[in-house]
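Trainee: Spelled out from the first residue to the last, the chains are:
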Amino acid sequence: MALNADSDSAAIQQHVFEYRRSPEQSAARAVRHPVVIVGAGPVGLSLAIDLAQRGQRVLLLDNDDRLSTGSRAICFAKRTLEIWDRLGVGDAMCAKGVEWSIGKVFFNGALLYRFDLLPEHGHERPAFINLQQYYVEAYLAARAAELPNLEIRWRSAVVGCSQGPECAMLEIETPDGRYAVEADYVAACDGSRSSLRELLGLESKGRVFRDRFLIADVKMEADFPAERWFWFDPPFHLGQSVLLHRQPDNVWRIDFQLGWDADPEVEKQRENIEPRVRAMLHAALGREPAFELEWASVYTFACKRMDRFVHGRVIFAGDAAHGVSPFGARGANSGVQDADNLGWKLDLVLRGTAPRALLDSYGPEREYAADENILNSTRATDFITPKSPISRLFRDATLHLARQHPFARRLVNSGRLSVPATLSASPLNTPDRDVFAGAMVPGSAAADAPLPGGDWLLRRLAGHGFTALVFDGDATALDLDASGAVPVTAISLPADGEVARRYDAQAGTVYLLRPDQHVCARWRNPRATDIAAALNRALGRT
Amino acid sequence: MLLINESNLEAPDTFYEALIDTHRELDEAQSQALNARLILLLANHIGRHDVLMQALDAARDCRSPHD
Chain A
1 MALNADSDSA
11 AIQQHVFEYR
21 RSPEQSAARA
31 VRHPVVIVGA
41 GPVGLSLAID
51 LAQRGQRVLL
61 LDNDDRLSTG
71 SRAICFAKRT
81 LEIWDRLGVG
91 DAMCAKGVEW
101 SIGKVFFNGA
111 LLYRFDLLPE
121 HGHERPAFIN
131 LQQYYVEAYL
141 AARAAELPNL
151 EIRWRSAVVG
161 CSQGPECAML
171 EIETPDGRYA
181 VEADYVAACD
191 GSRSSLRELL
201 GLESKGRVFR
211 DRFLIADVKM
221 EADFPAERWF
231 WFDPPFHLGQ
241 SVLLHRQPDN
251 VWRIDFQLGW
261 DADPEVEKQR
271 ENIEPRVRAM
281 LHAALGREPA
291 FELEWASVYT
301 FACKRMDRFV
311 HGRVIFAGDA
321 AHGVSPFGAR
331 GANSGVQDAD
341 NLGWKLDLVL
351 RGTAPRALLD
361 SYGPEREYAA
371 DENILNSTRA
381 TDFITPKSPI
391 SRLFRDATLH
401 LARQHPFARR
411 LVNSGRLSVP
421 ATLSASPLNT
431 PDRDVFAGAM
441 VPGSAAADAP
451 LPGGDWLLRR
461 LAGHGFTALV
471 FDGDATALDL
481 DASGAVPVTA
491 ISLPADGEVA
501 RRYDAQAGTV
511 YLLRPDQHVC
521 ARWRNPRATD
531 IAAALNRALG
541 RT
Chain B
1 MLLINESNLE
11 APDTFYEALI
21 DTHRELDEAQ
31 SQALNARLIL
41 LLANHIGRHD
51 VLMQALDAAR
61 DCRSPHD
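Respectively, the protein sequence lines represent chains A and B. Sequential numbering from 1 applies to the first sequence in the numbering used here. Sequential numbering from 1 applies to the second sequence in the numbering used here.
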């Protein structure tokens with residue numbers, strides 16, 4: 001039975017995808033695929049859809065036949081939603097998700113301060129939506145099912161991987177036994193316990209945090225606003241921290257810090273979780289609405305990454321490549337950005353339009369982004385769970401000062417929430433020749449802006465290739481078709497108004513955007529040869 | 001900007017007396033907490049990152065008189 005992504009949460013979590021024996025299992029020799037993606041989570045599904053939309057034949061393997069159990073990742077950032085808009089699922093995600101941009105921080109039970117993650121108006125997408133991971137995967141799986149050149153094989157576990165000069169070979173285990181496939185490229189999106197990483201003898205290394213956290217997803221009728229509430233040392237959970245988030249279907253995520261000495265087996269028991277939830281509700285609401293425990297898990301985490309994400313024909317993305325603490329929602333969001341970075345590069349290299357160097361640029365670009373995410377998430381974790389008496393002393397001093405002194409609020413760190421990395425050092429960028437102000441430097445993800453007539457800039461970029469934003473100039477005069485081997489779509493924009501302000505644009509200004517909507521070059525008045533040279537650079541040809 | 005290490009206080013002896021006096025009747029933990037708040041307040045007032053980094057180095061590298 002096909003998945004209906006509009007079903008209720010129980011039906012979605014119980015949905016079993018049908019395993020079908022592949023004719024390739026009886027083939028005389030292994031069948032070659034241009035690209036095999038391992039892992040049908042949010043990252044693997046996003047990458048598979050992107051490549052299929054670009055016209056590639058995609059094989060996606062998953063060792064299971066279900067979507068995510070429990071809600072797991074819940075906070076999806078603006079940039080992720082913009083990527084999903086390009087993949088055709090942004091509207092469905094936003095219609096179901098709970099929008100939020102306000103965070104509140106409490107200390108000893110009293111409100112310290114509030115922050116707005118999107119203080120600027122004029123963006124189509126909110127700073128964040130909260131949405132259970134199984135819904136995310138359901139919408140992506142439903143979209144994937146619409147693409148005839150994308151095949152998902154469920155209950156197909158990769159148990160062997162080798163690489164030769166011509167291709168990579170994968171050994172796949174199914175209920176009908178084992179068979180082999182060949183692949184020009186393999187994308188390993190198989191999560192933090194990646195079997196491909198292990199099969200290649202590789203490691204993800206970093207810092208393991210000696211602390212335990214309890215996640216409880218509870219269903220209840222409560223009137224908390226759709227905001228992120230973070231308590232340091234609350235009276236109802238002394239000495240620890242607590243985080244509250246609203247999800248769709250009246251489900252609330254409560255995350256209790258437990259300390260390293262907590263026994264995960266004991267803490268996981270319903271009778272031990274319920275008193276913690278009741279105490280929190282009583283303190284925050286002054287009453288205890290009836291609630292139902294939907295899902296609970298006790299977890300630890302590490303901030304780590306692989307030394308390199310590209311290993312010959314096998315490319316690692318998402319949790320397989322890097323891991324962060326949950327404070328800042330930088331796990332799933334950075335994984336979807338990995339997919340966004342990899343899709344167009346893999347497509348152009350498979351087509352022979354771009355050299356292997358373009359694919360290799362995925363490594364340093366996303367390793368840099370992973371470092372930024374790990375740095376932010378490590379700093380937040382050290383603030384939330386201080387690991388030495390002196391660290392605790394300064395943490396508490398900061399919180400005490402924050403009541404009266406605004407500067408200290410800027411030091412309070414309950415998580416620096418996911419924003420896309422600006423790939424300033426990327427060799428695909430053409431360094432600025434002209435003087436620009438503002439945030440849209442080469443390497444940055446293009447900011448959305450409202451356009452005259454009610455349209456949105458990023459919606460206008462809905463194509464999948466390179467785009468030139470031409471401000472109040474003659475797009476045809478740039479002769480974009482002659483500028484390189486790949487098509488460039490020109491979009492004419494006004495040199496006044498919000499979009500021009502965000503891009504510090506004047507009449508004649510041109511921005512060149514990569515297919516993943518990152519700025520790769522900009523000029524005040526370029527010649528066609530400037531654009532051709534920048535395109536070559538962005539394709540890894542120089 | 002270089003960290004100032006020549007005398008820069010308007011009233012050195014009076015400041016020093018006030019600093020010690022501020023800790024009067026505080027126990028060890030309270031004094032530690034006060035010092036932490038004081039460091040944060042002063043650091044924010046100084047603001048300049050290069051000066052603060054030099055101050056961290058200078059505080060850490062300060063030799064005991066017997067070295």
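Calculated directly from the structure, the hints in this document are not laboratory data. Among the hints, erroneous ones may be present.
With a Cα cut of at most 20 Å, we get these calculated SDA-like pairs of lysine to any residue [to be verified]:
| id | chain 1 | residue 1 | chain 2 | residue 2 |
| --- | --- | --- | --- | --- |
| 1 | A | Lys387 | B | Ala36 |
| 2 | A | Lys96 | A | Pro34 |
| 3 | A | Lys104 | A | Lys387 |
| 4 | A | Lys387 | B | Arg24 |
| 5 | A | Lys387 | B | Val51 |
| 6 | A | Lys387 | B | Glu10 |
| 7 | A | Lys387 | B | Ala18 |
| 8 | A | Lys96 | A | Pro225 |
| 9 | A | Lys304 | A | Lys387 |
| 10 | A | Lys104 | A | Asn413 |
| 11 | A | Lys387 | A | Asn413 |
| 12 | A | Lys387 | A | Pro225 |
| 13 | A | Lys104 | A | Asp255 |
So, partial list: chain B residues that the calculated Cβ filter (under 8 Å) puts toward chain A [claimed, not checked]:
| id | residue |
| --- | --- |
| 14 | Gln32 |
| 15 | Ala33 |
| 16 | Leu40 |
Interface residues of chain B toward chain A, partial, derived using beta-carbon atoms under 10 Å [as the list claims (entries may be wrong)]:
| id | residue |
| --- | --- |
| 17 | Thr22 |
| 18 | His23 |
| 19 | Ala29 |
| 20 | Leu34 |
| 21 | Ala36 |
| 22 | Arg37 |
| 23 | Leu38 |
| 24 | Ile39 |
| 25 | Leu41 |
| 26 | His49 |
Every residue, glycine too, gets a C-beta built ideally from N, C-alpha and C.
Trainee: Hints broken by the structure, by number, lowest first?
Mentor: Of the numbered hints, 2, 3, 4, 5, 6, 7, 12, 17, 18, 26 do not hold.
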